[in-house]
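Going down the list, the sequences are from chains A and B.
Each number in my numbering corresponds to the 1-based position in the first sequence with 12 added.
Each number in my numbering corresponds to the 1-based position in the second sequence with 16 added.
Any given hint could turn out to be false.
Computed list of lysine to any residue pairs in SDA-like fashion (alpha-carbon distance at most 20 Å, straight line) [claimed, not checked]:
1) A:Lys154 x A:Leu22
2) A:Lys154 x A:Ala55
3) B:Lys77 x A:Met192
4) B:Lys108 x A:Met181
5) B:Lys108 x A:Arg108
6) B:Lys66 x B:Gly41
7) B:Lys71 x A:Met192
8) B:Lys100 x A:Met181
9) B:Lys71 x B:Thr60
10) B:Lys98 x B:Thr60
11) B:Lys66 x A:Asp195
12) B:Lys77 x A:Glu179
13) B:Lys71 x A:Leu170
14) A:Lys175 x A:Ala86
15) A:Lys175 x B:Ala80
16) B:Lys77 x A:Val76
17) B:Lys66 x B:Ala84
18) B:Lys108 x A:Asp195
19) A:Lys175 x B:Lys108
20) B:Lys108 x A:Val76
21) B:Lys100 x A:Lys175
22) B:Lys71 x A:Glu197
23) A:Lys175 x B:Thr60
24) B:Lys108 x A:Glu197
25) B:Lys98 x B:Gly70
26) A:Lys175 x B:Ala84
27) B:Lys108 x A:Ser44
28) B:Lys108 x B:Asp86
29) B:Lys77 x A:Leu170
30) B:Lys66 x B:Ala80
31) B:Lys77 x A:Glu197
32) B:Lys100 x A:Lys154
The hints are simulated quantities; they were obtained by calculation from the structure and are not laboratory data.
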Amino acid sequence: MKSLLIALGLLVLAFACIVAGGAILLVAGGVSAKAEPTRLEAAIARRLLRMGIPDEYKQLRNPVAPQPSAAGRAHFADHCAVCHATDGSGQTEMGRNLYPRSPDLRRAETQELSDGELFYIIENGVRLTGMPGWGDGSEHSKHETWQLVAFIRHLPRLTREEKLEMERMNPKSMAEWREMQEDEEFLQGRDQPARTK
Amino acid sequence: MKIASLLFALALWTASLAAFAHEGGHDARGVVTSVSADELTLKTQHGEEKFAVGKETEFVKDGAPASAQDLNVGSRAVVHAKHKNGRREAFKVQFASPPAPKKK
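Chain A on its own, in the form it takes in the complex:
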């Protein structure tokens, strides 16, 4: 009984220390997203992420063809690239400034996740990150998500041709479309050279 009370007391003490530590860090650092996540924090977050995925999803295998489809590539370019970058590096204005940063999907931390874990993350999102839950529960949504899983597996081998093709599919503002058109006209000699912004 005594040892149980001691264990309980230690648990309460540890919990109080964690809360106090968190409060001190909050007061010292505020809620800014500009800080670089520490390695410890990233490791804990990765661990928690995998713990939070239900076991029934972890065992799932991708039912669509293992080779990435053009549809999966286009979907990624249109929906995911704004944060994850066309090549999956996460090096975009959004991805670099999220907290936590968009992960490099080509690296082992992502590639070692099972098909089912990737599927779950895309469908359901991840709390307290910039990752939304994209799934609506429909079969169509699930099929698209599996296509994305296949494409994510392909990211480490993405060719320059594929990347350029995808960049043309990235979402663009009216101003960006206009600028792209002007660039093309300039390169074709249909405009006066030498514009700088």
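Dock chain B against chain A, hints included.
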């Protein structure tokens, strides 16, 4: 234990320990006046502009992957660059094949 780990992670997530430097962008259209393995110079309406190039720089000719060797002096080019380390680093250079000579 799972809850304690979650709370600890939450506490850490709220910490702000370092500033993040914003990277500014710079795009330019002009005519190539010189190109080497590490630098590209464009003549734009503001005068000559120099850009650092390197292995990270992506060269695109007629919408397809290319290399710095494909770029010639006198070609029109569009350079997309970032301000980094006190200079402009080109991350993408687009250019087109020279126009075919006009038939007489």
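Now for the hints, and whether the structure bears them out:
1. A:Lys154 x A:Leu22: violated (45 Å)
2. A:Lys154 x A:Ala55: With Cα atoms ~29 Å apart, lysine 154 (chain A) and alanine 55 (chain A) exceed 20 Å; violated.
3. B:Lys77 x A:Met192: holds (15 Å)
4. B:Lys108 x A:Met181: Status holds; Cα separation ~17 Å.
5. B:Lys108 x A:Arg108: The given pair, whose Cα atoms are some 19 Å apart, holds under the 20 Å limit.
6. B:Lys66 x B:Gly41: Given that 20 Å is the threshold and the Cα spacing comes to 14 Å, the pair holds.
7. B:Lys71 x A:Met192: Between lysine 71 (chain B) and methionine 192 (chain A) the Cα gap is close to 24 Å, so the pair fails against 20 Å, i.e. violated.
8. B:Lys100 x A:Met181: violated (27 Å)
9. B:Lys71 x B:Thr60: Since the Cα atoms of lysine 71 (chain B) and threonine 60 (chain B) sit roughly 24 Å apart, the hinted pair is violated (cutoff 20 Å).
10. B:Lys98 x B:Thr60: Answer holds: lysine 98 (chain B) to threonine 60 (chain B) is near 17 Å, not above 20 Å.
11. B:Lys66 x A:Asp195: Judged against 20 Å, a Cα distance of about 19 Å means the pair holds.
12. B:Lys77 x A:Glu179: holds (15 Å)
13. B:Lys71 x A:Leu170: holds (17 Å)
14. A:Lys175 x A:Ala86: holds (11 Å)
15. A:Lys175 x B:Ala80: holds (10 Å)
16. B:Lys77 x A:Val76: Distance of about 35 Å is beyond 20 Å: violated.
17. B:Lys66 x B:Ala84: At roughly 15 Å apart (the allowed maximum being 20 Å), alanine 84 (chain B) and lysine 66 (chain B) satisfy the hint.
18. B:Lys108 x A:Asp195: holds (13 Å)
19. A:Lys175 x B:Lys108: holds (13 Å)
20. B:Lys108 x A:Val76: Given that 20 Å is the threshold and the Cα spacing comes to 35 Å, the pair is violated.
21. B:Lys100 x A:Lys175: Between lysine 100 (chain B) and lysine 175 (chain A) the Cα gap is close to 24 Å, so the pair fails against 20 Å, i.e. violated.
22. B:Lys71 x A:Glu197: violated (27 Å)
23. A:Lys175 x B:Thr60: violated (28 Å)
24. B:Lys108 x A:Glu197: Holds. Lysine 108 (chain B) to glutamate 197 (chain A) sits at ~17 Å (cutoff 20 Å).
25. B:Lys98 x B:Gly70: holds (13 Å)
26. A:Lys175 x B:Ala84: Since the Cα atoms of lysine 175 (chain A) and alanine 84 (chain B) sit roughly 18 Å apart, the hinted pair holds (cutoff 20 Å).
27. B:Lys108 x A:Ser44: violated (31 Å)
28. B:Lys108 x B:Asp86: holds (14 Å)
29. B:Lys77 x A:Leu170: holds (19 Å)
30. B:Lys66 x B:Ala80: Not satisfied, since the Cα-Cα distance of roughly 24 Å exceeds 20 Å.
31. B:Lys77 x A:Glu197: holds (14 Å)
32. B:Lys100 x A:Lys154: This hinted pair is violated, its Cα atoms lying about 41 Å apart.
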